[in-house]
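In the order they appear, the protein sequences are chains A and Z. Sequential numbering from 217 applies to the first sequence in my numbering. Sequential numbering from 389 applies to the second sequence in my numbering.
The set of hints was computed from the structure by calculation and includes no laboratory data. Treat the hints loosely; a few may be bogus.
The calculated lysine to aspartate or glutamate pairs, modelled on EDC-like cross-linking and capped at a C-alpha distance of 20 Å, are [said to hold, decoys possible]:
1) Z:Lys530 to A:Glu418
2) Z:Lys433 to Z:Asp598
3) A:Lys400 to A:Glu418
4) A:Lys429 to A:Glu415
5) A:Lys531 to Z:Asp531
6) Z:Lys586 to Z:Glu623
7) Z:Lys586 to Z:Asp554
8) Z:Lys586 to Z:Asp596
9) Z:Lys474 to A:Glu417
10) Z:Lys433 to Z:Asp554
11) Z:Lys629 to Z:Glu614
12) Z:Lys468 to Z:Glu431
13) Z:Lys468 to Z:Glu430
14) Z:Lys474 to A:Asp416
15) Z:Lys586 to Z:Glu515
16) A:Lys233 to A:Asp221
17) A:Lys531 to Z:Glu536
18) Z:Lys629 to Z:Asp596
19) Z:Lys472 to A:Glu418
20) Z:Lys462 to Z:Glu430
21) Z:Lys472 to Z:Glu415
22) Z:Lys474 to A:Asp221
23) Z:Lys586 to Z:Glu519
24) A:Lys531 to Z:Glu529
The structure displayed is predicted, hence computed values, not measured ones.
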Amino acid sequence: MNKSDKLRLAEKFKTDKRLWLYAIAVIVLALLIALPRIVNPYLCSVVFLMFIYIAYAEAWNIMTGFTGYINFGFSVFAGIGGYASAILIIDHGIWWPVGWLLGGVFASIGALILGSFMLRLRGSYFAIGMLVILLASGVLATTKYLTPLTHGGYGFQFVQPVSDLEMYYSAFFISAATVFAAYKIITSSFGAKLLAIREDEEGAGSIGINTTKEKISAFAISGFFAGLAASVFFAFQNYIDPSSAFSAWYNSLPIIMVLLGGIGTLWGPVLGAVIMIFVEEFFWSILPETYFMACGAVIVLLVLLLPGGIITWFKSRGILPRTRAI
Amino acid sequence: MISVDRDEEGRLKDGKNVLEVQNVTKEFGSLVALNNVSIWIEEGKITGLIGPNGAGKTTLFNVITGQFRADKGKVFFRGKDITKLKPYQIARRGIGRTWQVIRIFPNMTVIENLMTAANLRERNAGEKALELLELAGLVAEKDSYAGELSTGQQKFLELVRILMFDADVMLLDEVAAGINPTEQLAALNLIHNLCDQKGKTFFIVEHDMDVIMEHCDKVICLNFGEKIAEGTPKEVQNNEKVIQVYFGA
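Bound conformation, chain A alone (with noise of 0.2 Å):
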């Protein structure tokens, strides 16, 4: 670049805003890839959590957030994805990104099967009925009929042939996925028919949507997205059994995150998910045995402050844009 060219480039960066905000989700970008060779493994862990709670956050925020059925059942189809690709990568030897995909599908499957049914339901009945399946899984798995796949009540060990690095940048990819994934349907004539049943769903039947079919299907990407993340979660647990599988925490906490970002918007689960992460560490380090309860008291001041979640307050007070692309 010669003179003129650089004094241009500058004059762009005072007046453009938006190229400050470019340049600094490349640098971020640039570092978490080349995280794994500047920190230290422990660091690179937590990171890879981030990843995974940034994919369940806005995995979640495509059922809930665009539709307003709260789902109650995320970790059913976290424990479908898990449970699948364990099996299908220890059992069968299938390889890897193959089974944890196949992960992600088997959970999709759930959903168009639970959902063609639940979603007929009205939504407090839906948010009831989804714990309810929650619960009846966990004791599914360790029946004597579904026990010789599951590996029963006491669940597996396993180590996955996957190196480290492999699942680093796997869920940085997924998470990545999942968050354009969610940017595509916002920002698409389907997601404004999905909004649209958030908004009114008997106003939006009268218009010709058939409200069903773009509920189950929102439903089904969501489960997709659950599994295939929990895939990757449960490579890195080394083990999977029925109360990890569907447990109640991991069930919460897209639910929190996304309160705490801001439901509904596409970057919200984002944000909430770093938050929450960061939170986690600070309070895990410092209270060891009851980081639960302080992470729950700022959650609640968080969401008491900021009804909606974060970023639906800034774009309600007009400070970020109201478009949906964000």
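Please arrange chain Z on chain A, whose structure you already have, making use of the hints.
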């Protein structure tokens, strides 16, 4: 003048009635909301529906557009039985409706409200939406949240939204209510425009008698779920039973 075949009750033969309700009964437990009601709507005309509150007007609309399923009787649209169809299927066939309490999507922008009603295969949905916004006088507000519009603007939005999916028959529930006379005039002009130039059919519920008298080709009066009068505005206005209902006895 083209002569048309009518039967003894004035119904057009050959299914030229775009919308037909045949012997429809709708009950909610022991409450009979509609009792053996039969009406027919002629294409390209404005038909009014009047009656006191609780007469069954909105219930009739709900049965036609599929929110309620008739317990007895049938609904025909262009000769095809639509009684058992779901609301979105009925909408896609070309019946649009507006509501007593406005039902636009408040947290979506004006143009997004229109885009949600667009057909999947519609390539020029964006252009169509802009044309309709011009018709409704809302082009300047296209990126405002629909919830921020005035009542009159929201009514116009609701009205043109059903044109996005090319509704041929439009059921309007109290379109003139809650808006000032200027807006009322504009709304009715729009309705007449669509009727005369595009051959749209309107079936409107109204409480404002002036609107009914001046703008409807035919009026139907309901009371306690039964049709008590039908005919031109003048005929219905002078009908004994109607007078009794509105002015007591």
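Consistency of the hints with the structure:
{"no.": "1", "hint": "Z:Lys530 to A:Glu418", "in the structure": "violated (24 Å)"}
{"no.": "2", "hint": "Z:Lys433 to Z:Asp598", "in the structure": "holds (18 Å)"}
{"no.": "3", "hint": "A:Lys400 to A:Glu418", "in the structure": "violated (25 Å)"}
{"no.": "4", "hint": "A:Lys429 to A:Glu415", "in the structure": "holds (17 Å)"}
{"no.": "5", "hint": "A:Lys531 to Z:Asp531", "in the structure": "holds (15 Å)"}
{"no.": "6", "hint": "Z:Lys586 to Z:Glu623", "in the structure": "violated (28 Å)"}
{"no.": "7", "hint": "Z:Lys586 to Z:Asp554", "in the structure": "holds (11 Å)"}
{"no.": "8", "hint": "Z:Lys586 to Z:Asp596", "in the structure": "violated (25 Å)"}
{"no.": "9", "hint": "Z:Lys474 to A:Glu417", "in the structure": "holds (13 Å)"}
{"no.": "10", "hint": "Z:Lys433 to Z:Asp554", "in the structure": "holds (17 Å)"}
{"no.": "11", "hint": "Z:Lys629 to Z:Glu614", "in the structure": "holds (12 Å)"}
{"no.": "12", "hint": "Z:Lys468 to Z:Glu431", "in the structure": "holds (15 Å)"}
{"no.": "13", "hint": "Z:Lys468 to Z:Glu430", "in the structure": "holds (15 Å)"}
{"no.": "14", "hint": "Z:Lys474 to A:Asp416", "in the structure": "holds (16 Å)"}
{"no.": "15", "hint": "Z:Lys586 to Z:Glu515", "in the structure": "holds (18 Å)"}
{"no.": "16", "hint": "A:Lys233 to A:Asp221", "in the structure": "holds (19 Å)"}
{"no.": "17", "hint": "A:Lys531 to Z:Glu536", "in the structure": "holds (15 Å)"}
{"no.": "18", "hint": "Z:Lys629 to Z:Asp596", "in the structure": "holds (18 Å)"}
{"no.": "19", "hint": "Z:Lys472 to A:Glu418", "in the structure": "holds (17 Å)"}
{"no.": "20", "hint": "Z:Lys462 to Z:Glu430", "in the structure": "holds (17 Å)"}
{"no.": "21", "hint": "Z:Lys472 to Z:Glu415", "in the structure": "holds (16 Å)"}
{"no.": "22", "hint": "Z:Lys474 to A:Asp221", "in the structure": "violated (62 Å)"}
{"no.": "23", "hint": "Z:Lys586 to Z:Glu519", "in the structure": "holds (15 Å)"}
{"no.": "24", "hint": "A:Lys531 to Z:Glu529", "in the structure": "holds (19 Å)"}
Of the hints listed earlier, those the structure fails to meet are numbers 1, 3, 6, 8, 22, in rising order.
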